[in-house]
Amino acid sequence: MSAQLHLKSVNKKYNPGTAHEVHAVQDLDLEVGRGEIVALLGSSGCGKTSTLRMIAGFEEVSSGEVDIDGRRIDRLAPAKRGVAMAFEGYSLYPPLSIRENIAFALKSEKLPQADVNTRVEQIAALLEIDDILDKHPNAISGGQQQRVSLGRALIRRADLHVLDEPMGQLEPQLRAILRGRIKHYIKEHELTAILVTHDQTEANALADRIAVMEGGVLQQFDTPENLKNRPANIFTGAFIGEPPMNLFEAAAEVVSGNVELRLSPEVTLTYPSSTFSEELQNRIQQDHGVMIGIRPHSVQLTEEGLPAEVFANQWLGDQTHIAARFAGGSIVSVVHDLALPKAGDQIRIAISADDLHIFDTRSGEALSHGGQLA
Amino acid sequence: MDHTSFLERWFRRAALTVIIIFFMFPIFWIVLMSLQTNETILRSPPSMSFAPTLDNYTAILAGRLDSNVASMGIDFVNNLMNSIILSVCSVAVALALGVPAAYAFARHKFRGSEDIAFTLLSFRFAPPLLVLLPLTLYFQEIGLADTYLGLVWVYQLICLPLILWIVRGYFEDISPDIEYAYRIAGHSWFSTFRKIALPLAGPGIAAAGLLAFIFAWNNFIFALVLASADKQPVTVGALAFVTASGIQYGQIAAAIVLSIAPTLALALWAQRYLVEGLSLGAVKG
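In order, the protein sequences belong to chains A and B.
The opening position of the first sequence corresponds to residue 1 in this note's numbering, with each subsequent residue numbered one higher.
The opening position of the second sequence corresponds to residue 1001 in this note's numbering, with each subsequent residue numbered one higher.
This is chain A alone, in the form it adopts within the complex (with noise of 0.2 Å):
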């Protein structure tokens, strides 16, 4: 798979020298490959979107260089670095009825007016906006408005599209619908697009590969399942996931051919040291001690085990989140059916090895994953 869109080491710094800078941005490294649909995901103010107008020529880099398919193109105006945008605020040219919005994206390929009638029908009929295609901006809702921005992108054969926080405004059905569709035609038409998101059901659908970014950084780029699986250092095993991972700082000992994990004078994980590598062994008995993470999922609630207390117990239609007072701290477990807990109530955990992350603490990269190395 070659790279059809590269950043090398690109930095953006806002009000450099003064007071107020700001490094927005920093030495960000990223190859989106052909036909891939990438997703920049971070919180607010994490640099996903400074990062997006940096490919898109609205923000100046301030070091570092960016390529799409092969060309550099972060000194030359946006006209001319073959990308299409679908934009946040939506963006249409209000005196413009919507198919005029739309097929005007196509101005610069001079197509005969029967195709862009053509391309603007089939792309209205994939977002669901062919009813409104004859109104104004003005006269359709922010979800109307928000599809029409996205098919004006997704329209144009670029060399790459680029999806700023693409479905925010969608009601949650339709949503989930148009993920599918989109999809469908990226991959169909071999268009390769990066979009940003702060919605991680949004970016696991649509994204092959997905960027974590916070404070500037590029904190993981890999595959939604090893996010999940195999997050790189602990703010990513925090941010991936709903409910958010449990963490408990533990002190790790190896004593009599077991692994003992104490995370507070009373309770102590005990597994065979055979689960874990000789290596692994090694590393994490750190004077400093590790952090330990637990997916809610992968917290077992069976008959012997750990005591824990519950706290509460959040029935959401389909699972139940459990929060209960573990090793003064707390823990929170999902059930996939309506537990009976309540607050109050003794219940006894067990976690297996196999769903263990351990990080360093210091540094906050992941040491193990399941006994494995990281």
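Take these hints with a grain of salt, some might be off.
Unchecked claim - Here are a few chain A residues that sit away from chain B, every Cβ distance over 12 Å (derived from the structure):
(1) K80
(2) G82
(3) N101
(4) L106
(5) P112
To be verified - For the chain A half of the interface with chain B, some residues (derived, Cβ under 10 Å), not all of them:
(6) A56
(7) G57
(8) V83
(9) F87
(10) L92
(11) P94
(12) F104
(13) P307
(14) F311
Claimed, not checked - Below, a list of computed lysine-lysine pairs in the BS3-like style, where the Cα atoms sit at most 27 Å apart:
(15) K1195(B) <-> K13(A)
(16) K135(A) <-> K1195(B)
(17) K1109(B) <-> K107(A)
(18) K110(A) <-> K1195(B)
Simulated from the structure, these hints should not be mistaken for laboratory data.
Remember, predicted model here, so these are calculated numbers, not experimental data.
We treat Cβ as the ideally placed atom computed from N, Cα and C, and that holds for glycine.
Here the structure of chain A is known, so what remains is to put chain B in place on it, guided by the hints.
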């Protein structure tokens, strides 16, 4: 409106009536005066009953100033033409310079941009006379005194800051993303400015242009100092009605009616833009 009571509606109408009378009465009275002779105007007590006459208008348009003593020539039609030339040219120049400048100030933050914009605004702070005296000397030296070019130039002190600051606000209200969307579709920034920014700021530009036109039209002091008789606009030309044998109220009134007619007509025609432009802000993106 079901919840507005009868009393409330009644008060609203009364208030509107008072305001209309307050603002319209002088104009109404001037129109009445322009249709009377000096004798009927000056009678005491004033009366609404008179035989309307168009003598004042014919005299002005023929270029005669009739008093009970003598008749002398005035060039009111020429003054009116001067007003039109000066105002139209000044606004045209101010738009041509001010709109691109406003766009630049709105979209590009460069070193000193705020200072430059503020300096331009500060032209409106200085008392005109303070500027005019040295300017007269300079203009005489470089041959710009008493020329349309020189006057239009000086009128930029009135028009340019007005247009620049009003239009800048409109450009700032347009979401930059609309322009980005156009540029990323393969258009240069200049065509973006022409095809997207200008039309969207259109009502604002029209409103600013109209205001500038009215300010230019009403200007008195610049033309008084810098223009001789053949370049004078109506505001200065009206001084001629104060003659040795008295003030010709009827003809002044007729002259006023004729000189406010163009701006009034323009304002009425552009009323929609004015209200839209000055109250709404630009188009919501």
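If you check each hint against the structure, which ones fail?
-> 1, 2, 3, 4, 13, 14, 15, 17
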